[in-house]
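**Q** Sequence:
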Amino acid sequence: MIVPLSMFSQTLQQDLDALLAAAFKPDQPGGALLVVEGGRVVYEKAVGVVNLELDEKLTPQTNFRMASVSKQFTAMAILLLEKEGKLSFDDPLTRFFPDFAPVGARITVGQLLTHSSGIRAYESVMPDDLQEQLSDAGVLALIKGIDNTYFEPGTAFRYSNSAYCLLALIVERTSGQSFPAYLRKRIFRPLGMKDTRVYEAGKRIKNRAYGYARDESGQLYFSDQSLTSATKGDGGVYTSLEDYLKWHLALQTNRLIDLEEALDKVNAPLPGNNGRYGAGWFFKKEDGLEMFHSGSTCGFSNMVIRIPEKGVMVAFFSNIAGNHEAFYPIFDRLRKAGILRSDIRAWHEATD
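Read in order, the letters of the sequence shown are residues 6 to 357 in the working numbering.
Derived from the structure by calculation, the hints contain no laboratory data. Treat the hints with care, since some could be wrong.
Stated by the list, open to error - What follows is a list of derived Cβ distance ranges for each label pair: (1) Ser-129 with Pro-276: 18 to 24 Å; (2) Ala-161 with Gln-15: 43 to 49 Å; (3) Gly-90 with Asn-278: 48 to 54 Å; (4) Asn-153 with Gln-33: 41 to 47 Å; (5) Ser-222 with Ala-342: 31 to 37 Å; (6) Asp-220 with Arg-194: 37 to 43 Å; (7) Ala-351 with Gly-316: 22 to 28 Å; (8) Glu-266 with Gly-316: 14 to 20 Å; (9) Gly-90 with Asp-220: 49 to 55 Å; (10) Ala-351 with Gln-136: 34 to 40 Å; (11) Glu-128 with Pro-107: 32 to 38 Å; (12) Ala-351 with Lys-211: 33 to 39 Å.
As the list claims (entries may be wrong) - With a Cα cut of at most 20 Å, we get these calculated EDC-like pairs of lysine to aspartate or glutamate: (13) Lys-289 with Asp-263; (14) Lys-62 with Asp-200; (15) Lys-50 with Asp-20; (16) Lys-270 with Glu-89.
Beta carbons are placed, not taken as given, at the ideal position from N, Cα and C, and that holds for glycine.
Work out the full structure, taking the sequences as your base and the hints as a guide.
**A** Printed below as a string of structure tokens:
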């Protein structure tokens with residue numbers, strides 16, 4: 006339910022309408038924006054189509070591929086298993102993957118969660134002749150024999166998709182369920198996120214947007230899948246504004262776990278005194294907890310921001326690759342209105 010305009014500046018609503026209209030055309034791939042303040046939806050709008058072939062309109066119920074925004078769901082699965090005593094943040098990689106190179110004995114679950122493991126990026130060791138999409142198990146196969154890291158584990162920050170692919174496999178080996186099944190049972194169904202899915206080869210995701218990108222001349226072309234679009238732990242979740250709101254409200258009420266307590270327990274500092282990373286989120290606590298993540302893939306661009314003490318959440322999903330700059334004017338307007346605080350650009354750049 007959207008609150009009356011009297012409680013949310015009509016001028017601000019008109020400005021957001023104008024910014025979305027400037028960023029997206031109604032007959033092209035576009036984007037969706039949700040603004041929650043004080044725990045209530047104050048703005049919700051989608052502009053554009055899910056697929057140029059079908060000319061079906063984007064809506065708040067349309068599923069977008071979350072890319073790295075998926076990491077917060079992977080992290081939550083690990084937090085739930087830790088809460089149940091089934092694993093520890095101090096467990097070494099070799100507990101779950103005994104045939105991992107010796108360096109795995111010095112890499113912990115907590116370091117994987119906080120991008121402080123220094124583990125090799127799978128993107129850097131993918132074979133040039135790779136023809137089939139890579140899976141999480143494929144990521145493990147690529148890196149388990151590499152007995153070195155970018156730095157001594159636990160001593161620095163380097164954003165790592167490899168780490169979150171391994172975390173998805175750890176969820177499977179610890180729970181005895183597939184990663185998609187575990188998320189369905191423990192997160193999506195309990196929270197009523199009925200349309201949220203994890204990518205599974207051969208299974209159709211209903212009511213989803215399809216990804217596009219722009220060529221050098223600015224023309225849009227279909228760009229929905231790549232060789233890395235089948236990994237799950239680092240970017241395989243599809244969700245909508247409607248379902249993501251349910252996720253946010255569950256985090257607000259500690260429905261699954263006390264996330265702020267978890268962030269205090271497992272985190273790592275970011276370079277340049279720019280906050281910390283923990284459990285699937287960039288965050289700061291100087292003026293109250295502020296959380297952020299973005300997601301980028303061959304056909305999608307996403308950003309989410311939360312300020313729990315104010316009941317604020319902003320979600321921006323787009324089915325156009327490399328389109329985060331379309332959000333910046335929206336972010337700046339919400340910041341001017343006092344809804345958002347910190348500049349999120351540096352956080353987004355840290356995911357590259």
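**Q** Tell me, in ascending order, the numbers of any earlier hints that this structure violates.
**A** Going through the list in order, the structure violates hints 3, 11 and respects the others.
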